[in-house]
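A.B. asks: Here's the letter readout for the chains.
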Amino acid sequence: MKKTKLVSLVTLIAAIILQIFTFCRDTHNSYEFGFAIGISAEYKTGNIIFTLINYMIPLIFILFFTSGSMQNLIQGYGKVLLVRNYSRTKLIVKQLFKNLLTLLIIVLFQCAAILYFNQFLKSVKSGILKSLIMYFVIMSAIIMLQCLLEFYIPSHTVNTVLFIYSLVSYWIVQVTGNISVLKIILFPSLMFGMQNGALSGENIYYLFLCIGIILNTVLAVLCIRKFKKTDIF
Amino acid sequence: MVELKNINKSLSKRLILDNISYKFEYGKVYGLCGTNGSGKTMLLRAICGLIVPDSGEIAIDGKVLHKDISFPPSVGIVIENMTLLPGYNAFDNLKLIAQIKKVASDDDIRNAINRVGLKSDLKVRKFSLGMKQRLNIAQAVFEKPKIILLDEPTNALDDSGVKLVYDIIKEEKERGALIIVATHHEADLKEMCDVILRVSEGRLYEK
Numbered sequence: 001m002k003k004t005k006l007v008s009l010v011t012l013i014a015a016i017i018l019q020i021f022t023f024c025r026d027t028h029n030s031y032e033f034g035f036a037i038g039i040s041a042e043y044k045t046g047n048i049i050f051t052l053i054n055y056m057i058p059l060i061f062i063l064f065f066t067s068g069s070m071q072n073l074i075q076g077y078g079k080v081l082l083v084r085n086y087s088r089t090k091l092i093v094k095q096l097f098k099n100l101l102t103l104l105i106i107v108l109f110q111c112a113a114i115l116y117f118n119q120f121l122k123s124v125k126s127g128i129l130k131s132l133i134m135y136f137v138i139m140s141a142i143i144m145l146q147c148l149l150e151f152y153i154p155s156h157t158v159n160t161v162l163f164i165y166s167l168v169s170y171w172i173v174q175v176t177g178n179i180s181v182l183k184i185i186l187f188p189s190l191m192f193g194m195q196n197g198a199l200s201g202e203n204i205y206y207l208f209l210c211i212g213i214i215l216n217t218v219l220a221v222l223c224i225r226k227f228k229k230t231d232i233f
Numbered sequence: 001m002v003e004l005k006n007i008n009k010s011l012s013k014r015l016i017l018d019n020i021s022y023k024f025e026y027g028k029v030y031g032l033c034g035t036n037g038s039g040k041t042m043l044l045r046a047i048c049g050l051i052v053p054d055s056g057e058i059a060i061d062g063k064v065l066h067k068d069i070s071f072p073p074s075v076g077i078v079i080e081n082m083t084l085l086p087g088y089n090a091f092d093n094l095k096l097i098a099q100i101k102k103v104a105s106d107d108d109i110r111n112a113i114n115r116v117g118l119k120s121d122l123k124v125r126k127f128s129l130g131m132k133q134r135l136n137i138a139q140a141v142f143e144k145p146k147i148i149l150l151d152e153p154t155n156a157l158d159d160s161g162v163k164l165v166y167d168i169i170k171e172e173k174e175r176g177a178l179i180i181v182a183t184h185h186e187a188d189l190k191e192m193c194d195v196i197l198r199v200s201e202g203r204l205y206e207k
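Quick mapping for you: the protein sequence lines, in order, are chains S and R. Take the first sequence: its letter number 36 is residue 36 in our numbering, and every next letter is one higher. Take the second sequence: its letter number 50 is residue 50 in our numbering, and every next letter is one higher.
Read the hints as simulated data drawn from the structure, not as lab findings. Please read these numbers as outputs of a predicted model, since none were measured by experiment. Be careful, since some hints might not be right.
Claimed, not checked - Residues from chain S that keep clear of chain R, each with C-beta distances beyond 10 angstroms, as calculated:
(1) 10
(2) 17
(3) 56
(4) 68
(5) 80
(6) 81
(7) 82
(8) 101
(9) 113
(10) 133
(11) 161
(12) 171
(13) 215
(14) 218
(15) 233
As the list claims (entries may be wrong) - Partial chain S-side listing against chain R, Cβ under 8 angstroms, derived:
(16) 76
(17) 77
(18) 91
(19) 94
(20) 231
(21) 232
Quick reminder that beta carbons are idealized off the backbone N, C-alpha and C, glycines included.
The shape of chain R in the complex, shown without the other chains (with noise of 0.2 angstroms):
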């Protein structure tokens, strides 16, 4: 479970989430939908470990981020600003990011590429904007993580990329992960979430 407790940002003296608490359980999906600059991509920040709230606390199964761990020991995320490396092809990308913590086999990475519809051997700097879209999702799920944490998934993506995003979401959670999906896109969330929640103004509403 991942259990949010009164968490606060602030950037700039802007207050970006303000007292937010909340229960994820795994085995479910939930959309973040809210207008841009609402606060979804920070919450999704604040809960993989990137930023460090002001003040509140983020339990990953009962253990504290920033105290007991300094990131979610199994995490997935897709978040802007993702780029993988231009030089390498999408096997290699994986492969390097898998060497961290070792839990997923080259099969294991092959079939989250194939899973995505994407060729292996074909270097990053020649895919289009959709094709890198994939590939961050493949980056996201091939380690199997339980936490999955995705920012705007189907950006980019043309109606068959969508539906393979949907499908991914529908597999992980069969697997049982817990998955996050902020999006704008509220059709998006209904198609594919079972809770659905709304971020305006650094506050957390349920609908």
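Here chain S stands alone, though its shape is the one from the complex (with noise of 0.2 angstroms):
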């Protein structure tokens, strides 16, 4: 299917309330609210990857949205403004600035449609602004990682890597329990209160969403340092 932008922002409002309705449809009462998921005891046996799937929706339709950004920088209409002697710097800094502005109102309407679903949802009311700073902190950094990736291999695997790197991710820290480092190195799982202690309120929370920060940073600047030494075609 052809990207559009039309195309890209029904898919994503339509995965957005599908996921709604399956944390409504949920008896299991595995869920906390939108950002903020785990999963019991029951689900650790059985379907666990169909579950994660659930919970996962939004990225894939949110990886779709942004990708192409750099590709669209080094093959399309950036060597219009380059050859015009236009900041590579500037140019790149804009594009991770415009994903990551993408990105906060997908998740604000995420956040927004959950809200209005609450009533159906067992609701944590403590924690609800630290998981979606969290959500929206770690998300931004598995975009920045995208972008860093579109350098080296097409939009199209990364987006594949990227989904599946975040689905065995949540699932390892889930069945290995709670060591930090683990979760450090599988930065995705982190997205979801339950992972990060954005819910239980442990000091920890501060401590990842520092990592989580420096991350988007370290990131940001790999990114910036590998289009200044890019050919553009």
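Hints in hand, dock the two standalone chains.
C.D. replies: In structure tokens:
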């Protein structure tokens, strides 16, 4: 399917609504709210991957929404600006910022949709804001990683790799328990409040938040440095 | 003058440009012909600074690319995959680009769009392939650059469009610009070029 803004937007909204309906129909009380999901004991056997995919649905579409942004700079519109001596740093920083703004709007929409349906969910009042912030920070790190990888491999492969990485990360952390180093290596697992300490009020939340911000910064710097040395086609 | 000295470039271990040396002068039209994949487009990319040669030097008026300057100070290009912003009309697209160098006025933009036979207010997403190519040509010339690099400029154009390209190249040459046109249609080159060069397996030959 041709990636247009309209197709991306419609699929993304559909995905978020689908996810909320999944939460609403869940009889296992395995969720807290959208950004704080955890898996109950019953889910740790059997269909765990299927369950995780439900939780990760928006990620597929967010990756789809932001994919190709680096490719466009390298192979598309970017060259028109660069040959006029437009700063490479300015160009890529603008694009990264645009991606983050897109993510922010999507996450706020997700949040609004979840809160609207909140009466059907077993909500946790404390930690909502913390979970939301952490969800955004980790999701933005995944998008930064997506941008960096697009310099090396085609964007559709990047999306698949990142989705599997996120899925496997959450699953491994879920089954191996509370090992901080593992959570950092498998950072997409920190997206959800049940994993990052946002709900339990642990100080570790702030450590993970700092790590998320550092990760974003490092990935952004690597993207800028790589773009400066990349041939434009 | 654009001077190439022993330019080499490899991609994925394949030699794309092989020891190319040549001097291009202002006020002349140069044609690059060769089969697909011969290295024509890559040579244009190297001259406008989009790719960095593995070795050798490209000097624009004595200033070395990627050493003294990042890009030629005054260049217009039409190179493949150049779709402009689909949500903007022709005028707004060029206006946005013009804000970088600030050398072209609104009248220059309108003149360039009229020159290629387009309407200023139509959004690019409604353009046919040929219309997009016309807008790309307008984009390459509207700032009156000293160097104009055109890769397959007659692609997707009808007969009137092709004639229009010939006329624009002639006018830009008279203005004193250095124009390099790459195409695999040799007939096009004979029509509009002062010097025809052949690119084969990354090497440059004078015909």
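A.B. asks: Does each hint hold? Answer for all of them.
C.D. replies: Consistency of the hints with the structure:
1. Separation of residue 10 of chain S from chain R is adequate, the least Cβ-Cβ distance of about 17 angstroms exceeding the 10 angstroms criterion.
2. Every CB of chain R is more than 10 angstroms from the CB of residue 17 of chain S (nearest about 26 angstroms), matching its label as outside the interface.
3. Remark: the non-interface label on residue 56 of chain S is consistent with the geometry, its nearest Cβ contact in chain R lying 31 angstroms away (cut-off 10 angstroms).
4. A cut-off of 10 angstroms between C-beta atoms confirms that residue 68 of chain S is not in contact with chain R; the least separation is 12 angstroms.
5. Against chain R, the non-interface label of residue 80 of chain S is violated: not every CB pair exceeds 10 angstroms, the least being about 6 angstroms.
6. For residue 81 of chain S, the shortest C-beta to C-beta distance to chain R comes to about 6 angstroms, within the 10 angstroms cut-off, and the non-interface label is violated.
7. Annotated as non-interface, residue 82 of chain S brings its C-beta within 10 angstroms of a C-beta of chain R; the closest such distance is 7 angstroms.
8. With a closest Cβ-Cβ approach of about 17 angstroms to chain R, residue 101 of chain S is found to remain outside the 10 angstroms limit, as its non-interface label requires.
9. With a cut of 10 angstroms on Cβ distances, residue 113 of chain S stays outside the contact zone with chain R, its closest approach being about 27 angstroms.
10. The non-interface label for residue 133 of chain S is consistent with chain R: the shortest C-beta to C-beta separation is roughly 32 angstroms, beyond 10 angstroms.
11. The non-interface label for residue 161 of chain S is consistent with chain R: the shortest C-beta to C-beta separation is roughly 21 angstroms, beyond 10 angstroms.
12. Every CB of chain R lies more than 10 angstroms from the CB of residue 171 of chain S, the least distance being 36 angstroms, so the non-interface label holds.
13. No beta-carbon of chain R is positioned within 10 angstroms of the beta-carbon of residue 215 of chain S; the least distance is around 30 angstroms.
14. Look at residue 218 of chain S: its CB is around 25 angstroms from the nearest CB on chain R, clear of 10 angstroms, so calling it non-interface holds up.
15. With a least CB separation of 7 angstroms from chain R, residue 233 of chain S falls inside the 10 angstroms interface cut-off, contrary to its annotation.
16. With a least beta-carbon distance of about 6 angstroms to chain R, the hint placing residue 76 of chain S at the interface is held under the 8 angstroms criterion.
17. Interface restraint check: residue 77 of chain S against chain R, minimum CB-CB distance 7 angstroms, threshold 8 angstroms, status holds.
18. Nearest Cβ of chain R to the Cβ of residue 91 of chain S: about 10 angstroms, over the 8 angstroms cut. The hint is violated.
19. About 13 angstroms separates the beta-carbon of residue 94 of chain S from the nearest beta-carbon of chain R, more than 8 angstroms, and the hint is not met.
20. Because the closest C-beta pair between residue 231 of chain S and chain R is about 4 angstroms apart, less than 8 angstroms, the hint holds.
21. Interface hint at residue 232 of chain S: satisfied, since its Cβ lies 4 angstroms from the closest Cβ of chain R, which is below the 8 angstroms cut-off.
Of the hints listed earlier, those the structure fails to meet are numbers 5, 6, 7, 15, 18, 19, in rising order.
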